[in-house]
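Asker: Keeping their order, the protein sequence lines are chains A and B.
Position 510 (the first sequence) corresponds to 510 in our numbering; numbering is contiguous.
Position 54 (the second sequence) corresponds to 54 in our numbering; numbering is contiguous.
Check before you lean on any hint, since a few could be wrong.
[What the hints assert, rightly or not] Calculated cross-link-like contacts (lysine-lysine; reagent style DSSO-like; alpha-carbon spacing at most 27 Å):
#, chain 1, residue 1, chain 2, residue 2
1, B, 456, A, 30
2, B, 494, A, 70
3, B, 456, B, 436
4, B, 494, B, 436
5, A, 30, B, 494
6, A, 70, A, 30
7, B, 373, B, 456
These are calculated hints, taken from the structure and not from any lab test.
The model shown is predicted, which means the values in this text are computed figures rather than measured ones.
Below are the chains, spelled out letter by letter.
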Amino acid sequence: MNEFTTGIPILTLLTVLPLLGAALALVAGKHARGVALVTTLAALVLTLFVWTQLPADGRMGLVEQHVWAKSLGINYYLGVDGLGALMLVLSALVVLMSVDAAHRVHHQPGLYFALVLVLEAGLFGSFTALNFYHWFLFWELSLLPAFFLIKLWGGARRGPAATQFFVYTMAGSVALLVAFLAVYLSTGSMDFPHLTLLASTGELEQAITAHLGPAAILWLAIGVLAGFAVKVPIFPFHTWLPAAYAEAPSPVTMLLTGAMSKMGVYGLLRIALPLFGAQIAQIRTPLLVLAVATVVMGAWAAAAQKDLKRVLAYSSVNHLGYCLLGIFALAVPAVGVAAQTNQAMALNGVILQMFNHGLTAAALFWFVAMLQERTGGHRGIDQFGGLRKPAPVLAGLMGIALFSSLGLPGLNGFVGEFLIFCGVFSLAWVAATVSILGLLVTAAVILTVIQKVFTGPVPEHCAGFPDLHHGERMALAPVIGLMILFGVLPQLIVENVNSTVVYLLAHWRF
Amino acid sequence: MLAWTIYLSFAGALLLALLPKGLPALARWLALGVAVAGLALGVQGFIVGMGQPRVVLVDLPWVPSMGIHFLLAADGISRVLVLLTGLAAVAGVLFSWNIELRTNEFFAFFLALIGGVYGVFLSFDLFLLFVFYEIAIVPKYFLIAIWGSTRREYAAMKLALYSFVGSAMVLIGLLAAYTTAGSHSTSLIDLAHAGLPASFQMWCFPLVFTGFAILAGMWPFHTWAPTGHVAAPTAASMLLAGVVMKLGAYGCLRVAIGLFPRGLDPWGFTLIGIGSWRDIFALLAIIGIVYGALVALAQTDFKFVIGYSSVSHMGFVLLGLVTLNQIGVTGAVMQMFSHGIIAGLLFAIVGRIVYERTHTRQLAELETMHLSKRLPFAAGAFVIAGAASMGMPGFSGFWAEVQVLVGAWMVRPWWVVAAGVGIVVGVAYTWRAMQKAFFSDALPSAHVLEEEHGHKFAAITWPEVTGVSLLMGASLLVGVWPRVLLDAIEPAVKTLLAGGVQ
Numbered sequence: 001m002n003e004f005t006t007g008i009p010i011l012t013l014l015t016v017l018p019l020l021g022a023a024l025a026l027v028a029g030k031h032a033r034g035v036a037l038v039t040t041l042a043a044l045v046l047t048l049f050v051w052t053q054l055p056a057d058g059r060m061g062l063v064e065q066h067v068w069a070k071s072l073g074i075n076y077y078l079g080v081d082g083l084g085a086l087m088l089v090l091s092a093l094v095v096l097m098s099v100d101a102a103h104r105v106h107h108q109p110g111l112y113f114a115l116v117l118v119l120e121a122g123l124f125g126s127f128t129a130l131n132f133y134h135w136f137l138f139w140e141l142s143l144l145p146a147f148f149l150i151k152l153w154g155g156a157r158r159g160p161a162a163t164q165f166f167v168y169t170m171a172g173s174v175a176l177l178v179a180f181l182a183v184y185l186s187t188g189s190m191d192f193p194h195l196t197l198l199a200s201t202g203e204l205e206q207a208i209t210a211h212l213g214p215a216a217i218l219w220l221a222i223g224v225l226a227g228f229a230v231k232v233p234i235f236p237f238h239t240w241l242p243a244a245y246a247e248a249p250s251p252v253t254m255l256l257t258g259a260m261s262k263m264g265v266y267g268l269l270r271i272a273l274p275l276f277g278a279q280i281a282q283i284r285t286p287l288l289v290l291a292v293a294t295v296v297m298g299a300w301a302a303a304a305q306k307d308l309k310r311v312l313a314y315s316s317v318n319h320l321g322y323c324l325l326g327i328f329a330l331a332v333p334a335v336g337v338a339a340q341t342n343q344a345m346a347l348n349g350v351i352l353q354m355f356n357h358g359l360t361a362a363a364l365f366w367f368v369a370m371l372q373e374r375t376g377g378h379r380g381i382d383q384f385g386g387l388r389k390p391a392p393v394l395a396g397l398m399g400i401a402l403f404s405s406l407g408l409p410g411l412n413g414f415v416g417e418f419l420i421f422c423g424v425f426s427l428a429w430v431a432a433t434v435s436i437l438g439l440l441v442t443a444a445v446i447l448t449v450i451q452k453v454f455t456g457p458v459p460e461h462c463a464g465f466p467d468l469h470h471g472e473r474m475a476l477a478p479v480i481g482l483m484i485l486f487g488v489l490p491q492l493i494v495e496n497v498n499s500t501v502v503y504l505l506a507h508w509r510f
Numbered sequence: 001m002l003a004w005t006i007y008l009s010f011a012g013a014l015l016l017a018l019l020p021k022g023l024p025a026l027a028r029w030l031a032l033g034v035a036v037a038g039l040a041l042g043v044q045g046f047i048v049g050m051g052q053p054r055v056v057l058v059d060l061p062w063v064p065s066m067g068i069h070f071l072l073a074a075d076g077i078s079r080v081l082v083l084l085t086g087l088a089a090v091a092g093v094l095f096s097w098n099i100e101l102r103t104n105e106f107f108a109f110f111l112a113l114i115g116g117v118y119g120v121f122l123s124f125d126l127f128l129l130f131v132f133y134e135i136a137i138v139p140k141y142f143l144i145a146i147w148g149s150t151r152r153e154y155a156a157m158k159l160a161l162y163s164f165v166g167s168a169m170v171l172i173g174l175l176a177a178y179t180t181a182g183s184h185s186t187s188l189i190d191l192a193h194a195g196l197p198a199s200f201q202m203w204c205f206p207l208v209f210t211g212f213a214i215l216a217g218m219w220p221f222h223t224w225a226p227t228g229h230v231a232a233p234t235a236a237s238m239l240l241a242g243v244v245m246k247l248g249a250y251g252c253l254r255v256a257i258g259l260f261p262r263g264l265d266p267w268g269f270t271l272i273g274i275g276s277w278r279d280i281f282a283l284l285a286i287i288g289i290v291y292g293a294l295v296a297l298a299q300t301d302f303k304f305v306i307g308y309s310s311v312s313h314m315g316f317v318l319l320g321l322v323t324l325n326q327i328g329v330t331g332a333v334m335q336m337f338s339h340g341i342i343a344g345l346l347f348a349i350v351g352r353i354v355y356e357r358t359h360t361r362q363l364a365e366l367e368t369m370h371l372s373k374r375l376p377f378a379a380g381a382f383v384i385a386g387a388a389s390m391g392m393p394g395f396s397g398f399w400a401e402v403q404v405l406v407g408a409w410m411v412r413p414w415w416v417v418a419a420g421v422g423i424v425v426g427v428a429y430t431w432r433a434m435q436k437a438f439f440s441d442a443l444p445s446a447h448v449l450e451e452e453h454g455h456k457f458a459a460i461t462w463p464e465v466t467g468v469s470l471l472m473g474a475s476l477l478v479g480v481w482p483r484v485l486l487d488a489i490e491p492a493v494k495t496l497l498a499g500g501v502q
């Protein structure tokens, strides 16, 4: 951190910015989208600035700390490391893309963009919080706007989808809250760094055992895992997801899959592993089974879908499954340098996969939104065909995004998955081998999509299918450019992330 | 200065009662002026009193032969509740802006009720407290019986009878305490130090606690609350749920727990796991939390949902009180404030903003009216108020309930599990009511759309916007910055617990 930034609460400003934008959007009426665009652009610039200000040794930077409610151990405690900052950049990017994509909101645009911006504040807040209450506040804060975005602007079956989404996530939140109250009562602290330290010395387990009995900590770990399992989601807690993704308007789906699903993975990395690493290691085998099931079932389910949005929804489940695979596989006491290298590789892969999946999945749902717009709402795979002839540019760019999702080397999607599999093969080779099946099925699914949508005869209602116009090209070019850039030069991200990975692994105890 | 809240309110009531009829606008503005002045005094007292211990405001001999004093004093708990009363009073006047029937009398009763409530929160003399407590019952009866709705005579009578039974229990306890102490003083401070024998406290505590808890809506004596809330005109429901129920809870804390702390000691034997009055009242509180929530889930009348939710939320107050530890009791006081604000807001939205336009409170009928489109202000306000009521972090209710839960956990962890069920059901009933009333999915037919277009609802008025903003702002402020209240409540609770419980 340089002289200039000391004393300026950048992370607080970053969180307040979208809230101000939201208030402005609410009264801006027709100009709400403009307000949202300016706000999200400014937020993106700010997150990029944060990215450049990280400490080189992987620890928390830009820390802000004040007492909030002393009697409950609640502090206003903010900070970011490589992981947090990467998620900030991703969130800002995805929200910007989503606002860009949402140019057809005719019904109450002010409220729509205000909710999107509140959601962005929720994302920023939860990715920077270092105290449980503070984190939980923003975790919940993001839930309300997401619910209403689905409920008020969604498709025909939006009501049940929104309610299911809300109820599932809320149930997960209650599990989290109860588990954390127990942690607080045993230790008197809600600060993540302090609790991580206690966990690494084994004091956390002692304190909880002393307060609540010997088996309690395992149950607390399961409670916390359950909270995140819903959000990520982990099989079998995923059933809310396809309905929510399909019924939400596509720009909102971009937010859900691009940024909100990362909140769950982030929670696993920031909270579950540091605090309950030993317990997760204890139940690692069943967890790995669930992770593999998420990977494989996600891919198979995607193969069975006819609705493009549902295909991509299940494919998202599959892609986040790789993150889970990496996370649970590395939860094992590392003996020797080789094992530590594998852990570091897997964790690097997980974090990269979070970013890349966010970027790619958001882009894919954006393309679906364009297909829907151009054909009056069609989104069945079989309803398209031969689009590469009338719309070569759209087909080409969407093809790149699809290949990125497939994990083609040279594009961003490849790097994370490659690192995860490299690490996991030596840490849990059975799980890795079975998961390969998921990779193969995903490849088949995506190739099928490409084939059905872009090749073959052009159906009648696609006859006058317009290609991307100038504005859309300008908007999409940077996104596709990033996919290629990070595919070729992953070190742009890895440098900061790796130092954090090394730091984190040195402070976790399994 | 805080004492002036009482005098001003009663003076305002008198003035309004004497005001010639036919000047409704003047009556409104006068009532608003008095309420705002009370709030201003409350805020001023709160700010000046920050960090101060108990301060005596007025101390005049009243009935010297019995040692009764006109003794007003304020500690952190009183100041928080006076602030709440001020907020509720201003909001209540604002949401009664459309009362046309005998306007001046309405506001006269309203201000008399407010004056009584201020009096209870500031009295440190037992008999004075009781007098104010009784004064508050009378205007309540008339407010419901004259300006109420659904079965108003029945509800008013039920409310009055329950209140009087509770008062009688309290009175017996007070007289017994006075004679037993023999100190020839009715000051709460003197009585607390009188060293009442443990065996006496053991029977007097449950009597007085139950007497007050009736007004706090403790199960199974809660049945006056839902019917009373529903029948009352909006401003009166706001006051009933917002501050009158707090009178009961305040009495439980200040009088029952403050004077008879030994009554909570274990009996020395246990019967099916219950070994003290504390266990019994905790059980009743928890039943109230869960039962109130479950019944709210099954209601078809929007206002009854809020009515039963009050029973559930007041259960948290009672549970927090009987934890007898610093954090639990602090949480209970905070919940009094928080529920006062949020219940007031919910009643205002349901009873005034929505009902006055739709003329129905049946969820099934509201479902067909597309209120999220036709009354977006009400829908937005209810979403935020509902989130606050559910205990979402960021609102006052979260801090209160978490503190009560933490306090309860320290005593008996299973209390928390049981109360947690209440919270989950709380989310469910709030969500259900919100979805049904404002966000139903059923698409309107063309005919209905046309008809709706013809019958636009009256526009939202400035008193409504102001009232909603005031209450919502208070809940948000405390939610984001809980130390505003915690710094006042914590020392007072510490003193109170140290003065009684060893």
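Asker: Each hint needs a verdict: does it hold in this structure or not?
Answerer: A quick look at each hint next to the structure:
1. With a C-alpha separation of about 23 Å, the suggested pair residue 456 (chain B) and residue 30 (chain A) falls inside the 27 Å cut-off, and the hint holds.
2. This hinted pair checks out: residue 494 (chain B) and residue 70 (chain A) have alpha carbons roughly 15 Å apart, not beyond 27 Å.
3. Straight-line distance between C-alpha atoms of residue 456 (chain B) and residue 436 (chain B) comes to about 20 Å, which keeps the hinted pair within the 27 Å bound.
4. With a C-alpha separation of about 44 Å, the suggested pair residue 494 (chain B) and residue 436 (chain B) falls outside the 27 Å cut-off, and the hint is violated.
5. At most 27 Å may separate the alpha-carbon atoms for a hinted pair to count; residue 30 (chain A) and residue 494 (chain B) exceed this at roughly 55 Å.
6. Between residue 70 (chain A) and residue 30 (chain A) the alpha-carbon distance is near 44 Å, which puts this suggested pair outside the 27 Å criterion.
7. With a CA separation close to 11 Å, the supplied pair residue 373 (chain B) and residue 456 (chain B) stays within the 27 Å bound.
In summary, the numbered hints that this structure violates are 4, 5 and 6.
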